[in-house]
Every structure is written in C-alpha cells, then in structure tokens.
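Student: So you can see what is in the structure, the chains are spelled out below.
Number of protein chains: 4
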Amino acid sequence: MRETTINVLEDVELSSPVFIEALPGIGHVGKLAADHIIDELDAVKFAELYSPSFPPQVLVDEDGIIEPMKNEFYYLKDAGEDGRDYIVLVGNTQGLSPEGQYEICGLILDFVEGYGVKEIFTLGGLATGQPVEKAGVYGAATSMELAEKLREHDVILRSADGGIIGASGLLLGMGSLRGMNGVCLMGETPGYFIDAEAARALLKVLLEMTKLDVSLEKLEERAEETRKMIMKAQQMEQEMIDRMNLKPGEEDLRYIG
Amino acid sequence: MRETTINVLEDVELSSPVFIEALPGIGHVGKLAADHIIDELDAVKFAELYSPSFPPQVLVDEDGIIEPMKNEFYYLKDAGEDGRDYIVLVGNTQGLSPEGQYEICGLILDFVEGYGVKEIFTLGGLATGQPVEKAGVYGAATSMELAEKLREHDVILRSADGGIIGASGLLLGMGSLRGMNGVCLMGETPGYFIDAEAARALLKVLLEMTKLDVSLEKLEERAEETRKMIMKAQQMEQEMIDRMNLKPGEEDLRYIG
Amino acid sequence: MRETTINVLEDVELSSPVFIEALPGIGHVGKLAADHIIDELDAVKFAELYSPSFPPQVLVDEDGIIEPMKNEFYYLKDAGEDGRDYIVLVGNTQGLSPEGQYEICGLILDFVEGYGVKEIFTLGGLATGQPVEKAGVYGAATSMELAEKLREHDVILRSADGGIIGASGLLLGMGSLRGMNGVCLMGETPGYFIDAEAARALLKVLLEMTKLDVSLEKLEERAEETRKMIMKAQQMEQEMIDRMNLKPGEEDLRYIG
Amino acid sequence: MRETTINVLEDVELSSPVFIEALPGIGHVGKLAADHIIDELDAVKFAELYSPSFPPQVLVDEDGIIEPMKNEFYYLKDAGEDGRDYIVLVGNTQGLSPEGQYEICGLILDFVEGYGVKEIFTLGGLATGQPVEKAGVYGAATSMELAEKLREHDVILRSADGGIIGASGLLLGMGSLRGMNGVCLMGETPGYFIDAEAARALLKVLLEMTKLDVSLEKLEERAEETRKMIMKAQQMEQEMIDRMNLKPGEEDLRYIG
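As given, the protein sequences belong to chains V, A, P and X, one line each in that order.
Position 203 of the first sequence, counted from 1, bears residue number 203 in the working numbering, the numbering being contiguous throughout.
Position 31 of the second sequence, counted from 1, bears residue number 31 in the working numbering, the numbering being contiguous throughout.
Position 2 of the third sequence, counted from 1, bears residue number 2 in the working numbering, the numbering being contiguous throughout.
Position 121 of the fourth sequence, counted from 1, bears residue number 121 in the working numbering, the numbering being contiguous throughout.
Careful, some of the hints might be misleading.
Since the list gives no way to pick out one identical chain from another, each pair is judged satisfied if it fits inside one copy or across any two copies.
[Said to hold, decoys possible] Listed next, the in silico DSS-like pairs over lysine-lysine satisfying Cα-Cα at most 30 Å (straight line):
1. K149 with K134
2. K118 with K70
3. K149 with K70
4. K45 with K118
Worth flagging that the hints you see were computed from the coordinates, not collected in a lab.
All chains should be built: construct the whole structure from the sequences, respecting the hints.
Tutor: Written as structure tokens, this is what we have:
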C-alpha cells in the first residue's frame, strides 16, 4: 500500500448530502457524538479508507480479533425534519505526518464531492485542561454568513484564540478552496476523560442546525463503553513507549529482534 | 492535495521584476517589513501557494473565519524612483520537512522565473537572544559584487558566523544555481517579541537599495496588530503541545478519539 | 534505491504455503523461534528484500564483513506431519517510518500471495517489563474461527488490552483485506534479555498448530549466540546516540564533518 | 527540486577509477583526509550533487557569500605509483532522512558506476569519547579477501563491536549488491575536536593501499582552517536549537513570523 485508498462497499445515490466529520481528536467528543448518530439512526457503512500515513499497527478487539486502522463512511438517506441525505465519517485514527493529513483530507474531499457535498460539519473537542462547569460549544466557519448562523445557535466563535489542528481544520480549509462551506463545532471539555456531557452539548447544536432527530438518552451508556475501548489504546501506546525507552544495559531489540 | 500548487488569481505582465521574500521567521522582522510595503504601496495579490508540507491545520481569524495555511504573491508595478516591478511573497507559514522546503522553494523559483525575475531579496531576523541597543542589519549575498553593495549600505556581512535556515536561505542558494542573484537582509532582534525597530532598520536598507518610497510612520501600529495575531498562533501551538503531553492515567485520545 | 525491492534468488514452486513472519521485535522472541526452525529444518533462502525505509546503515559481522540491512525469505517444502510448504520471513530490521512499514508489508503480501499464501502466522514477544515465572503465549486472530483455535491451544487472547505494532500487526491487518487469514502469537517475556524460554513456549504452540516437527534441544545454545550478536547492535546504537548528543562546546561534526 | 540531482561540470573519461568517499561524519576525520588529497594532488571538480533531503539551509562563507548544501565529485587521473584514476566525493552535508540517504547513495553509485567504478574506499572516524594516545585505524570490508588485506595494513577489523551509519556504510552495503567491493577505514578519535592525528593515521593506510603519493606535512595547518569553518556550522546549529526552544511566554515565530 503506497497510497491512501477508499474501498467502496455499496453504490449509493445521495442528493446533495451534508458531510459530517468526526475523526479521533481531543476528549473523544466528536467521535462520541457521531457514533451516537450512526447507531441511533441506523446509518449504513458504504466505504472504508486505508492509508500508509496511519499508525503502522492494528487494534485487537475484546474477542481477540484484529482490526486494521481505518476511517469509515456511513450514509443516512432522507433523514430528519428536512429529509436530507448525510455522509458521516468516523474512524479509529488520523494520519500521522503533515503530508499524510493533506493527502487523506484531499482524497476524502474528492470522494464526498463526487456525491454532491457542498456543506461540511466537522466535530471535535476544545480542551480546557481543567474542570468544565457547563460545557459550552465553540465554533468557526468558512464564511461570515455561517459564522452568524453559529452565533444564533449560541456557539462561541473562536476569535483570536487559536486554530484548528488535524482533519477538522484541514477539511474546512481545503474544502473552502473548492467552494464548499462549513463549520467546525467543538465541545468544551477538560480533555482528559471520555466526555459525554461535551458530546451532548455538541450534539444539541448539531441537531438544531441540521434538524436531525436523535434521542440523547443512551449517550452516557455509550460513553462508558468507549471508556473501556480507550483503555486498550492507552495500554498499547504505553507498550510502544516502553519499547522505545529500554534502559541502557537492557538488550535493545529494535534493530535486531 | 499531494503536491505543492500555486493558484494564479490574476494574469499580470511584469517587466524583469525584483523578487522580495518575507516568509515567517525569527522575530517577525521580515514579515512585518513586507506586510508594511504591501499595505503602504497597495500591492495586489495575484497568486496563492498551498502545500502538503505546511502544518496540517487552519488558523481562525478574529471573526471566527477559517484561514488555510498559505503563502501569497503580491505584485507592484512601476514602483519607486526606478519605476521597477516587484513580486512580494508573504504568508502565515513555511514548509515543515526538509523535502517540503526544497519542493516549495523550487516551485516558487519556477513561478517567479516565469515573470522574468533575476534579482532576489530575502528578509528575515537575526536573533541575538538579548536586548539590542540599536538594531543593526546583517546580510549575505550570492556574489562578491552584491556583497560589496551590501557593505556600502552599512550591512554587516555574516562572515564566518553562521548560515541561513529556511526559505530565506534556500531561495538564494537554489536561485543562484539558476543564474539568479540576490541578498539576504536580517534585522538584528532579541528575537522574543514583534520587533518594529528591527523591521524599521531592515526596511531602511531595503528602500535605499531598491529606491522604493514607503513611509515608515505606521510601522509601530502594525507591530501592535501583529502582536495580537501572534498570540493566537501561540495558544494554538500550546494546545498542540498539551495534546501531545497528556499525563499517564489521563485518557489519550490521539489514536482513538 | 527509491523503492522497496525484492531480489529473487531461486525460482521455486510452492503449493499453498503457510507464511510465517518473525521480523525483529520485543524480546527477540519471534526471531529466535523462526531462526531455530530455519536451521533445524534446513530451510532454503530464496529471496531478499531491501528498503529505503530501513535504517541508513550496515552491520559488521565478527569477521569484519559488512552486512546490509535486509529481510530474508526462506522456504520449506513438504514439511512436518502434514507435508505442507512454508515461507518464513526473518531479517535484521523493520521499516522506520509508518509509510515505509505500510509499503514494505504491502510488497511482502504481494510477493507471498504470488506463491498462493492464504494463511499467516506472525511471531513476536509480549513484554511484561518484569520477571515471568512461566512464559504464557498470547495471541490474536483475523477471524472468530481462528481465535477459537488459538484458545484450544491455550493461547491467551489479547482481549481489550492492546494492539499489535509493526509488521506482525500490519501483515495480518493488510492481509485480511486481501482475504488472507492468520494469527499473531506472542511469547510472554520480561523483554529485556534474549528470552529462550519465551521462544520455547511460542514454538510449542506453533509446532502444534502447524504440525511441524522441530527439536527444541539447541534453543538455549542459539539464544546464547544471539545474545552476542545483540551486543553489537547495542553498541552501534549507543554510538549513534553519542553522536547525536555531543555536549555544547564540543565540535559538532554532523553537518560539516 | 523534488529529486536528488547531479550536475556534471566536465565530461571526463576515467579508466576503472577507484572511488573514495569522505562525506561529513564523526571527528571530521574522513573529510580532512580527503580534502588534503584533493588539494595536494590538484584533483579536479567535475560534478555536484544537490538533494531535497539535505538540510533546508545555506552556509555563508567568510566573505558573506552564500554556499548551498552540496556534495562534490573530484577526479584524479593517472595518479600515484600505479597510475590509476580516482573519483573523490566530499561535501558539506549528508542526507537527513533514511529515505533520503538511500536515494542519494543509490544515485551516487549509479553515477560512479557509469565511470566504471568497481572498488570503493569510504573514510570516517570512530569516536572513542575519550583521549586517544595513538590513533588506530579501524575497518570493515565487503569480502573476506579485502578484510585480510586490511589486516595486513594493521587495520583493526570491527568484529562484533558495531556497525557503520550513514553514507560510509550504505555505499559499501548497496555497492556490494551491485558487485562492487570496498572497505571502510575509520580513524580513531576522541570525536570532539578536528583531529589531524586521526586523519594522518587514516591517510597513511589509505596511501599504502592505493599507492597514492601525498605529503602529510600541511595536514595540521589544514586542520586549523577546518576548526574555524566548523565554528560557523556550530553557531548556526545553536541558533536553530535556540529557535526551536523559545521559552514559554516568548513569542514563537515559527508559524507566523
């Protein structure tokens, strides 16, 4: 595998779908929100993306089954009050290198543009590093008109206090150069636990703006499951760190193993 | 996006233009100087450069509007006492990897060579790390003749005390291999604040050498604006650092977010 | 050399061979096990793989002879009780960058697929970081059926406690996308010495599952030899570290040497 | 510039030349030795190599003149007692990334192979990290025959105590795969100053083996010049390090400068 590739699992026709991105990031906020929409509305997976810029590893699930690093595209047809179509992008990783991130985001935009996407929502978390009393929702937009719309939904515009790193930023930046418009929504979170409250605040704004209808009842339950899954990723990373930090005098098996 | 690309916004004919580069670097000195020229002389933006070697992120301006990482080409026609044409390159970033820097600088040279550029000025700062009483201007050149000219303008030649890192160095080094000539001017600066005085010293030499006519009155004002903008970049970077340094025991959301 | 390449040394026909991978990793466990099989069963080397993503260096053997970084393919014909064919992959390194790992593993899979491989065993170590009383064998699989088979051989499934980094993980993840099935076996090891006991435990499971017949008598002897070879790699790495950490005031000869 | 390129300055016919490599490395030993041969025997520069994997910077010489990062090929015709031809490779840098090192070394081998090179000498230093009473010369070879020859010249074979990192190793490793043979000679040096004594010991062996005739009288003088040049590289690097380590609270001008 020398290039990022998308495997299409189902040919589907969509009518000017809205594109929602929620790849891994701060506080698990975006992923939690998007996974919830996918499950509650029975979204259908129709494509998978694999990239040589993903971490060179696999995950192992609770049954000992190997799961490659990947991003997944789901669709929703005729959803919500407006009866619109949606493409939702989730996954277990993002690209590691800058070049990889640009390549992957370019390919994602090529792909969703083929279905007629003109509007983008990217979801993420904004880490405060300290306890949050009531999770606010922060945002940014590709146009003044959309920024105004965010303000109407009580989203705090991130004026002069930072940028947006990773796919949530790049998809909007690169999308705007192709004439797509969109917003980034970021749930306020301490950042150091799986934050169902930040996801709830984020989802409320997203559901209002899209007129999707999703019950938020099982969100805390989902957060609990996610916490367990995350434990796995943490331990794997600790192992990787341990492997890189063998003490002097210990045998180093990185090169000759 | 897999390759660095230049979007031309306006077809313009220029006559043997002088090329001035001032991409981000030490002390904000070069950028401050070049932005000042662009504003005071109403230079016209005619092309934008995007690269997969730029940081994989976007900035957000004071209105919450997303701004991609990019370099921007401006032109000046029939400017200054000599009535010459100019291309000025500014931007909010440089390439991250060595390979990216070489690719971007090669493309920039291809592009300006197409307009007939034979002379290059690259602008930057020289960090002293301590307070500077009266900002000197340091320089280097691609030929003995130009080095002599620098000396006539009281520029201190950087003999035996270091090299030039990034686009300011590479454009001259790679340009000289194509038969372009040029100089690098570096304003002396402590390096840890937006230094209008270093930019003023630098501009004085540049204006003398090019015979451009620019009032330096509003330079301090511009420095103040820039200081605010910089705050934004700093905070964004701090967030990125925080994200990379989650303490053990905290949930790590980098891989599964 | 701009791409990973495989030099085929002998044209061989194999009948649906089983593929066993044991590139360098934690505790030398996999390599020790695979080298033992190769020597005891007189496996024949038939191809070598070289990659620009390997460390940019060579090793020097006990006679002062230079050995490039490489991976090596061996075959076994009509082996064990079942009379099956095997391809065994060993080497002195793995790729350094994520992109390199994906490229190399993709090429390895292309290559062994050409011989009809449908089943993969990847061998490695699982570092505990502390003394191990009796080395257990951990595992993961690409299907529920194979996971069940692992359980029958007393392999502990790595449920919810981590992933698999490097070629041992990637070959299974990328292989499963091509319809190959396989398992990863990991011998439990403190991780900081050449662990013949972990290799023995691993081999026992592998031999049971493949019905290969290999005496384990000389395994400790082999471990001793390996310990000596490893010393060499360690010292080389220490030199590299020393080279990178010259104290200030010392002449740094990295750029101008 | 997206690929490593070689600019040929003079078309020259050489008869089975010996290839001597001395790119920057430990203790300046190899470079000092090769520069001495080039100057004493009036070797002629006939080609330059530029690479996007070199550090993205330029050097500035004592006259304020910009010098790109590059490698340089010199030839010697009908030299020494044997009247053989030589290609000598020197420069001010090596590639930074593993992939870059492999690409550059592959291109170098393509280039010298075109002149009929079959024998390689690579020169470097072996750092002891402590004072050296009488500099020994260490070595490694691509064949048992050449290793034996090294032993006859009192070269200590580096059995079991490490490998060879960078171009001096790779050129031999990659060359041997093309049927070239060669040795690496490493002068023993504390490693933290420009070591004329190590270069002298190295040159003695090289001159004996090649039957080149070079006076070693001015070697110490040359070492002194080199020490001054190195100061420049050091200060430049210190600046780069300072730039990367701005203290918190200071303005960071890396992204927006």
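Student: Taking each numbered hint in turn, which are not upheld by the structure, reported in ascending numerical order?
Tutor: Result: no hint breaks.
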